[in-house]
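Student: Listed here are the chains, written in short residue letters.
2 protein chains.
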Amino acid sequence: MSLTGQQLIGYEYSQQGKQTFTGINPRNNEALSPIFHEATKNEVDLAVHKAHEAFKTYRRLSDKQKAQFLEKIAEEIVEIGDVLLDTASLETALPITRLQGERGRTVGQLQLFANLLKEGSWVNARIDLAQPDRTPLPKPDIRQMEVPLGPVAVFGASNFPLAFSVAGGDTVSALAAGCPVVFKAHPAHPATCELVATAILKAAKACQLPDGVFSMVHGLTHEPGMALVTHPLIQAVGFTGSFRGGKAIYDAAVRRNTPIPVYAEMGSTNPVFILPEALAQKKQNLVSGLTGSITLGVGQFCTNPGVIVTESSSESEAFIELLTSSVESSPSGVMLTAVIKNTYQKGIELLSMNPDVNVLAGSLPHTSDTEVSSYLLETTAQAAIENPALLEEVFGPSSLHVQAQSKEEVLKLAESLQGHLTTTIHGTENDLREYAELIDILTQKVGRLIINGYPTGVEVTHAMTHGGPFPATTDSRSTSVGTNAIYRFVRPVSFQDLPQFLLPEALQDSNPLSIWRMVNGEYKK
Amino acid sequence: MSLTGQQLIGYEYSQQGKQTFTGINPRNNEALSPIFHEATKNEVDLAVHKAHEAFKTYRRLSDKQKAQFLEKIAEEIVEIGDVLLDTASLETALPITRLQGERGRTVGQLQLFANLLKEGSWVNARIDLAQPDRTPLPKPDIRQMEVPLGPVAVFGASNFPLAFSVAGGDTVSALAAGCPVVFKAHPAHPATCELVATAILKAAKACQLPDGVFSMVHGLTHEPGMALVTHPLIQAVGFTGSFRGGKAIYDAAVRRNTPIPVYAEMGSTNPVFILPEALAQKKQNLVSGLTGSITLGVGQFCTNPGVIVTESSSESEAFIELLTSSVESSPSGVMLTAVIKNTYQKGIELLSMNPDVNVLAGSLPHTSDTEVSSYLLETTAQAAIENPALLEEVFGPSSLHVQAQSKEEVLKLAESLQGHLTTTIHGTENDLREYAELIDILTQKVGRLIINGYPTGVEVTHAMTHGGPFPATTDSRSTSVGTNAIYRFVRPVSFQDLPQFLLPEALQDSNPLSIWRMVNGEYKK
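Protein sequences appear in the order of chains A and B.
Sequential numbering from 1 applies to the first sequence in the UniProt record's numbering.
Sequential numbering from 1 applies to the second sequence in the UniProt record's numbering.
It should be emphasised that the hints constitute simulated quantities derived from the structure, not laboratory data.
Check the hints yourself; a few may be wrong.
Stated by the list, open to error - Rough simulated footprint, nothing fancy, chain B against chain A, three-plus residues with beta-carbon under 8 Å: (1) 293-303; (2) 455-466; (3) 498-508; (4) 517-523.
Said to hold, decoys possible - Partial list, computed: chain B residues near chain A (C-beta under 8 Å): (5) F243; (6) T461; (7) R491; (8) P492; (9) V493; (10) F495; (11) D497; (12) L502; (13) I515.
Keep in mind that this is a model prediction, so the values were computed, not measured.
Even glycine gets a Cβ: it sits at the ideal position worked out from N, Cα and C.
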């Protein structure tokens, strides 16, 4: 299929503005075709109004109908064929095999939410039956369930052009909740975005869904995105990207006349703590595991292990020596965009210039104009506690080894941490029992605690929390991966003394959907 | 017991500041004893630091231990005896019988949360078992549950000196979640606050809880409250009160370096729609029901029915005539404070001066310096649609009748509504079937939809939503009444590949707590 470079405003193409841009091949910095048109304020407004209108119909759809839609989207994405992988690879420099996996993840995610809807219990149905004879006043019948918030704005991430983009976790959980989506395409992979958006719209048409249930607008500047976030009819925002981007969106959203929730996943450094006995016992294993996790996808994961903490010892010295040569010899790679590459290099330079930081592996200038090498840097726990900026994320294939002098210093460092998506502890059973306090402290700092594993690789499943305290996200009570992501886009409503014929199916006496419900405080099906 | 007028900072009394104030008897505007000391910034800081320290222990308590604490608080509140009711009545002018009921509600609420903890399934335990043989990569074991956020600041309401105050819904749900509470006492009932705070601290001591699990600070000015909200160690805020107060707290909280969630319940006008057939069939019934709901507790409820919508007809005219004389003849009453009384009178004056508004019942000046009378005012749907300010809350015993010309105008008015805590529809089966669209529109606007009832009277139960879209609250995804209120003060954490001995009991294989859990997507016990 040929690409248009236009906005997809519901079922219509639109090209009102004069501002244009193109995708860039990060492998050679050359412009790609076609030319894309940045959305005007008016186009954003049209898309949101269509979403608002579509919501009137879409919110009343049964869970089964929404499940069909999600399944049809999955089908249509597969239907695009290899051109989707080729396009994404051209725009992002990610290898085809990785994109194959990511497509599988995207399709699997759609299926997971479709299954959640088909099962139906996610709506949290609660029924407290009336007690007409209660004194001094009769107790009314009260029933509660989740209802969708309304049109949602979604901003995709550059580093997952499929799984966290147009048909990614935010879009899918919003659509599953019953919310129309206006998607802001990422300018680093606009062609990939158009392919997937077209697939979603084909699926919407096939399911005879209202015009506006999904729209996509383009933008190289921040303007279309800000117009979206501040539009009075937008009810929530999903975002994956940088702290700067996410925080700017949050700030705009909470200053609206009617503030709205913003679910911004802004990444973190995902500290890895290696405890003494584990360090002594599995040095080589840790070296290969960590090198893999640091350099995977040229280090472009929100869960990249950017900080490694050990306690000073001869074992630790030997380990770091091995890790240094492993990182040193890891292949260079092409990053997603020139901006990301420059930001990575600047971040490394800034850290290197700090008198408390040593560069162990990696070297500037890089092997080519477009490739970057991996870095291992080193500092002390004391320096990191005194200057927490040392622990801020440098997005890319680098990690900072933090040397602590004692267990006490490890605990102090842990206490000083800000919010992170994940933290990892490597330890033997003895280690873990001895460092129980560390585990307790770290649980307060993260969305996910990993034992003897690596933070990269986020399972899309029921028990996943891909989130964490600020500044990892703007809402620690939520996750952007896994089925719980749906709860970001709903709110509870109680129905008091409604006759059966007015009640949603999920709350009717006969339980026609056969879902789990809490009846007078007890779970029943 | 004698009152001190001091801050209760954990288990210690404190009186560092020079600023003082007293409670005022609203029945005669005379100062009450003792003299209360406004908290200094330093005292607020001390209380928060103690809460932060206490959290280290309190968050690790079992649900059963927390349940014992809540039950002990309930016991200690009852133990205070009649002096609690007398003190509250003196400070608020609320009658003893009402306060007896409110004490029952407060104690019942503590018991409800204790039962929730004893049952234990509230933690949303989810387990996705490992698949070591999965290709291309093994699937790790992932388990998720809710953990407490940390120290919570709670602001009580003036209109519920027991049930939404020191040991009210916000405090109880935060303590149940595992969060220490720093309570900002309401200056309109400081003596009542000290009595209840002392009961909580007695219970905490009896349960050998850490110093700082509960503190209470006083303040007549906004300063101690703002110091609390902006304190870096405070992790969430619960508030019940005016829009102005709640919005100021929200604005301060989202502008912090680390933004925190604010759950402000700011009231609403709770529109009541009376459909034609019901209006014709149960005029007298509606008149007495509405008069009761409007004037209950001198109209000082967040769920007071401040707007009544009917369609123009001879039946509607007859109904309004009856309602007018009913409201006119309802007794005058003393409001909670002179400020609330003056704000009520100003609100009525402002509405009365609007050329689109007629005063049907009620008259200025009032029967006495301290009492107010009830009001019924009237406007047209067209005027209300053009000027939504007409529908803003006037806190007190008044209601605005909105006359619509047609069903279409009723729908248009409903569409124009902002967020409310509740809405009520009176209708026969025929009415309700004919106005299905109205019900659908209104569901989008509120936290609770009531059929053929009255909005005052909020059941404390599992299925209650006491919340709603902005400006009714600052977070429509939450409730401040009912067991779901606990979820405001927790966030999910995932545990990946933890050995059994490190897992919280709720997530261990053997399910030692016998709670409901989602295992590989299925609910099990």
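Student: It remains to establish, for every hint, whether it holds in the given structure.
Tutor: Here is what the structure says about each hint:
1. 293-303: Per the Cβ count (0), the hint is violated.
2. 455-466: Result for this restraint: holds, n = 7.
3. 498-508: Coverage by chain B holds here, the residue count being 4 at a Cβ distance below 8 Å.
4. 517-523: Coverage by chain B holds here, the residue count being 4 at a Cβ distance below 8 Å.
5. F243: 12 Å, violated
6. T461: Holds. Min distance 5 Å.
7. R491: 4 Å, holds
8. P492: 5 Å, holds
9. V493: With a closest approach of 6 Å, the B/V493 hint holds.
10. F495: For B/F495, the interface hint holds, since the closest Cβ of chain A sits about 5 Å away, which is under 8 Å.
11. D497: Given a least distance of 5 Å, the restraint on B/D497 holds.
12. L502: 6 Å, holds
13. I515: 10 Å, violated
Hint compliance for this structure: hints 1, 5 and 13 are not met, and every other hint is.
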